[in-house]
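Produce the entire structure from the sequences given, and follow the hints as far as they go.
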Amino acid sequence: MAVAGARRSWSPPPLIANPWLRWAVVIGAAIYLYLALNSVPLNWARILDGLSRGWLFVKGFLTPDFVSRHEEIFEGLLESVVMTVVSTVLGVALALPVALGAAKNVAPWPVYYLCRAFIAASRTFQEVIIAILFVAMFGFGPFAGMLTITFATIGFMAKLLAEDIEDIDRSQVEAIRATGASWAQTVNYAIQPQVLPRLIGLSLYRVDINFRESAVVGIVGAGGIGATLNTAFDRYEYSVAGAILLLIIGIVMACEYTSGLIRRRVQ
Amino acid sequence: MATGGGEGARTWRRRAPKRDLAVWFGWLLGLLVTLECFRVIADVTIWEFVWDAPQQAGDLFSRMVPPRWPYIDRLWLPLWDTINIATLGTLLAIVMAVPVAFCAASNTTPSRLLVRPVALFIIVASRSINSLIWALLLVSIIGPGVLAGIIAIALRSIGFVAKLLYEAIEEIDTAQVEAVAATGAGPGQVLTYGIVPQIMPAFAGISVFRWDINIRESTVLGLVGAGGIGLELQASISTLAWPQASVIFLLILGTVLVSEWVSARIRHAII
Numbered sequence: 001m002a003v004a005g006a007r008r009s010w011s012p013p014p015l016i017a018n019p020w021l022r023w024a025v026v027i028g029a030a031i032y033l034y035l036a037l038n039s040v041p042l043n044w045a046r047i048l049d050g051l052s053r054g055w056l057f058v059k060g061f062l063t064p065d066f067v068s069r070h071e072e073i074f075e076g077l078l079e080s081v082v083m084t085v086v087s088t089v090l091g092v093a094l095a096l097p098v099a100l101g102a103a104k105n106v107a108p109w110p111v112y113y114l115c116r117a118f119i120a121a122s123r124t125f126q127e128v129i130i131a132i133l134f135v136a137m138f139g140f141g142p143f144a145g146m147l148t149i150t151f152a153t154i155g156f157m158a159k160l161l162a163e164d165i166e167d168i169d170r171s172q173v174e175a176i177r178a179t180g181a182s183w184a185q186t187v188n189y190a191i192q193p194q195v196l197p198r199l200i201g202l203s204l205y206r207v208d209i210n211f212r213e214s215a216v217v218g219i220v221g222a223g224g225i226g227a228t229l230n231t232a233f234d235r236y237e238y239s240v241a242g243a244i245l246l247l248i249i250g251i252v253m254a255c256e257y258t259s260g261l262i263r264r265r266v267q
Numbered sequence: 001m002a003t004g005g006g007e008g009a010r011t012w013r014r015r016a017p018k019r020d021l022a023v024w025f026g027w028l029l030g031l032l033v034t035l036e037c038f039r040v041i042a043d044v045t046i047w048e049f050v051w052d053a054p055q056q057a058g059d060l061f062s063r064m065v066p067p068r069w070p071y072i073d074r075l076w077l078p079l080w081d082t083i084n085i086a087t088l089g090t091l092l093a094i095v096m097a098v099p100v101a102f103c104a105a106s107n108t109t110p111s112r113l114l115v116r117p118v119a120l121f122i123i124v125a126s127r128s129i130n131s132l133i134w135a136l137l138l139v140s141i142i143g144p145g146v147l148a149g150i151i152a153i154a155l156r157s158i159g160f161v162a163k164l165l166y167e168a169i170e171e172i173d174t175a176q177v178e179a180v181a182a183t184g185a186g187p188g189q190v191l192t193y194g195i196v197p198q199i200m201p202a203f204a205g206i207s208v209f210r211w212d213i214n215i216r217e218s219t220v221l222g223l224v225g226a227g228g229i230g231l232e233l234q235a236s237i238s239t240l241a242w243p244q245a246s247v248i249f250l251l252i253l254g255t256v257l258v259s260e261w262v263s264a265r266i267r268h269a270i271i
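As given, the protein sequences belong to chains A and L, one line each in that order.
Under this note's numbering, the residue at position 8 of the first sequence is numbered 8, and the numbers go up by one with no gaps.
Under this note's numbering, the residue at position 223 of the second sequence is numbered 223, and the numbers go up by one with no gaps.
Do not take every clue at face value.
Said to hold, decoys possible - A short, non-exhaustive set of chain A residues, derived as facing chain L with CB atoms under 8 Å:
| # | residue |
| --- | --- |
| 1 | Pro108 |
| 2 | Met137 |
| 3 | Ile249 |
Stated by the list, open to error - Pair ranges (Cβ atoms, derived):
| # | chain 1 | residue 1 | chain 2 | residue 2 | range |
| --- | --- | --- | --- | --- | --- |
| 4 | L | Trp51 | A | Gln194 | 35 to 45 Å |
| 5 | L | Pro201 | A | Gln194 | 22 to 32 Å |
| 6 | A | Pro12 | L | Glu170 | 19 to 29 Å |
| 7 | L | Gly58 | A | Val25 | 46 to 56 Å |
| 8 | A | Ile262 | L | Leu113 | 54 to 64 Å |
| 9 | A | Pro97 | L | Pro197 | 16 to 26 Å |
| 10 | L | Trp51 | A | Arg177 | 14 to 24 Å |
Because the hints were derived from the structure by calculation, they are not lab data.
All C-beta atoms in this analysis are idealised placements derived from N, C-alpha and C, irrespective of residue type, glycine included.
Pasting the structure below:
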């Protein structure tokens, strides 16, 4: 806190203490913003044209049409939900060994690096890119989507779980090992109880994410509600699109509410 | 925990037999639901294509290798667009998310009955819908291009930033707020001197974290026409130019790794 001479006024300390660095950051940011904003092409005629269409979407969103395409919507949503369930279960189950392998205190180093590489690969690429490759390999449909989301789930769960395993209390592991327990028994009785609450919490969180992702992979042909949504936008059927979006929001809200209840019971 | 007896040999068991049975049924039910769900997927799957997959994968790989490196010269401009989409989108999101967060936090909201539910709905709606779907919507409204991508990223990020920020606001130390208020400060001064300094580190961390995520997301927005490197990817894939696609994949990989490193460094410096 600096008291400025006789005026005795106080101003809060700046976020970046070093004045040179602070000004360098400010000037750098200004130059970047100038260049970036200038490189965004703005077609005002098209945007003005779009405003009326945007208004149509808002109206469509407020008067959603659940009825006229209810069959497509139902099928798409069913596929999305089914993909979510299978890929969450499969992803969590497969993430467990990968997480153990990616924890420094459990796995030998070749396994550690192998598992870490797998996690990095799964987390770097967007689901949609993976979906494109899987659609090319396995053909169109929810099977490719399911594999995509499973793959992404493994990376997500394994990374966060491995960090949790690395943070466990060592003394419990030593205590179990001192009883002459094998590696599998050590994992089951010393590590599993310590990470179980977090495993459950993460899995529930992943259900949400997977449902949201299952709505996207359809855009590249991997099944789910995304294909229906894409068609609705292409045909400018905004009230159908609004209905689908409201259903997605509703299901995500329901998932979040339920998982909140379960998490409170577990912890 | 109970010691379940059994023919004299008292082995330790975690639960009482009845609970054991209930847990077992729970697992069985879960398994059945999962299998039933898988059946729905299996019904619409063309299995010849699935059994064919290893061959297809090998074929795809042989087409992608070696990458057509000279093509990278045409990717720098789309990459610049992608970075702009992520950065400008994040900035736009932050500008909109801050008021939403203050309206959603139960200790700073102007009205718990009217304003807070609206703010919470904005957060849920924005978070529920993937940026690719926002992009789909915006491309259909304002036409294809970088602008649609920026707004899509911004709309998706509002919920994320606002949610984490309002949780940070709700966790602040009230003693500091009271101390500032006790000096006779008005509501605006309480906000700037009592609340904002407490949430500044969290706010900076959240913003950088979201920027990092947005770099990843903006790489694919072009698939639906919202500008950036995804446009080139779409063009390469639809013309089956897999050697070009592999160059794009490697460039995306490099960009994501760099952005992750930058964001980790900045967050490390802040916290």
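Hints versus structure:
| no. | hint | result |
| --- | --- | --- |
| 1 | Pro108 | 26 Å, violated |
| 2 | Met137 | 5 Å, holds |
| 3 | Ile249 | 4 Å, holds |
| 4 | L/Trp51 with A/Gln194: 35 to 45 Å | 42 Å, holds |
| 5 | L/Pro201 with A/Gln194: 22 to 32 Å | 29 Å, holds |
| 6 | A/Pro12 with L/Glu170: 19 to 29 Å | 22 Å, holds |
| 7 | L/Gly58 with A/Val25: 46 to 56 Å | 49 Å, holds |
| 8 | A/Ile262 with L/Leu113: 54 to 64 Å | 28 Å, violated |
| 9 | A/Pro97 with L/Pro197: 16 to 26 Å | 45 Å, violated |
| 10 | L/Trp51 with A/Arg177: 14 to 24 Å | 45 Å, violated |
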